[in-house]
Amino acid sequence: MLLPLLQIAIVSALVIYFGKWRRNMRRRNSQSWDTLLCQLRSDWSARELSEQFLWKEGLAATTDDIWQRLDGPRGLWAMYQNARVLLEMADYANRNATPGSAPIDPMVLETLRSDAMQIRLCVLMALGQYALSQATEGVKVNAFRAANIYSGMAARMTTLLQDHAAVILPDFVAAM
Amino acid sequence: MSADNAVLIASIVGEAVVCGLVVRRKMWRTLPFFCVFFVWALVSDLASFIIQWKMSAFFFGRYYFAQAFVDAFLQFTVLVELAWSVLQPLRKSLPRGALVILIALIALCGLAIWPLAGMSMPPDLTWRSAVLFQLQETVGILRVACFLLMASFSQVLSIGWRDRELQIATGLGFYSIVSLLVTLIHSHQTWSAQYHWLDLASSIGYLGSLTYWVFAFASKEQKRKEFSPQMQQLLLLMGGGARADRIALSDISSERSKKRNR
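For the record, the sequence lines run as chains A and B. Going by our numbering, the first residue of the first sequence is number 1335, and it counts up by one from there. Going by our numbering, the first residue of the second sequence is number -18, and it counts up by one from there.
Bear in mind the hints are in silico, worked out from the structure with no lab data behind them. Even glycine gets a Cβ: it sits at the ideal position worked out from N, Cα and C. Heads up, a few of these hints could be off.
[To be verified] Some but not every residue of chain B turned toward chain A, in silico, with C-beta under 8 Å:
{"#": "1", "residue": "117"}
{"#": "2", "residue": "136"}
{"#": "3", "residue": "151"}
[What the hints assert, rightly or not] Sample of chain B residues with no beta-carbon within 10 Å of chain A, all distances over it, derived:
{"#": "4", "residue": "-17"}
{"#": "5", "residue": "2"}
{"#": "6", "residue": "27"}
{"#": "7", "residue": "112"}
{"#": "8", "residue": "128"}
{"#": "9", "residue": "138"}
{"#": "10", "residue": "141"}
{"#": "11", "residue": "142"}
{"#": "12", "residue": "154"}
{"#": "13", "residue": "185"}
{"#": "14", "residue": "186"}
{"#": "15", "residue": "201"}
Work out the full structure, taking the sequences as your base and the hints as a guide.
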């Protein structure tokens, strides 16, 4: 009696998971640029990462300092989620760039994807290690790498918004 | 007309329409194996219909046994093609020979499932029916396992699926879940007459997937959304700078390894 129940539970879980996953993918493929920007995490701020965060690239701090400024796994998780938004921005560009007018260099999209994924992988590795052995040097190095790429992307985005879309800049700064 | 024949004829019509839409949308350019699979499905179902009508049950049994292997092989190629297509944004970051590794992984997954599929085999089957049962169960479980892996992997790394890939995966996923349910009920059933009705239910599930594909492929892909020069500039800036960061980081790590070697 137990085996059929277990099998029914597994199949039901699979159906629910596939349904949810498909709905997420559909939503992802049809969302607007504004919706994407709104998805950046606003309950955690990365401005503690550097004194000139959002205005200057690079981190001038030790791995220990960055770990503290990140607020540990909480900051890592926020970067993980924001990296997803950056990846979705790349997908949006790939889907919606008009074929006739100055196409985006595929290498740029490739690099953007690759770096956002690098952030996600670094965060996953750091969180995995953290779960097993708390804040060791390996965890902090991975967190530093993720934060370094993240702060670089955030700074460049600020420069661009300052130049082209100053109206939404305060919202962006608050979100980051 | 029996229910079996009605479902077979409906499947042939559905497959013919899907083939027409696949040609119209020029899908062979991006998903060639999926197109080959559908041409094969149409041809084999037509042949099934003619053989059932004109020839003996013995000959039909032999034909059905042989075509099941071709069908399983083509489904395997569709799974590889879909997985490779999903990995498209990452291809340049993947090591050389990644496609071979992917094929080997899916094949190994199938080999691991083969004995598991045999565990739910009903008793008193001839060797031919037993092989056929095990082959179909293996392919059914492999489809579900592959979709589960692809979905979870793409969720963790946040890889997007294009609309067509998503439509194909939805159709195949639905049919796979129905097949899996039928398999589960098969393994617990005690009354042999249920067999036929359950197989018919599986065929109706396939018909459901075909109907979905007809509607999905008949509709045009989503319109392009606004993508202003400012948005483009944003990506160029972020992408370009990110590349510089990566080069700097790889330089630092290579310098460190050189120092260690000294």
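What are the numbers of the hints the structure violates, in ascending order?
1, 8, 9, 10, 11, 12
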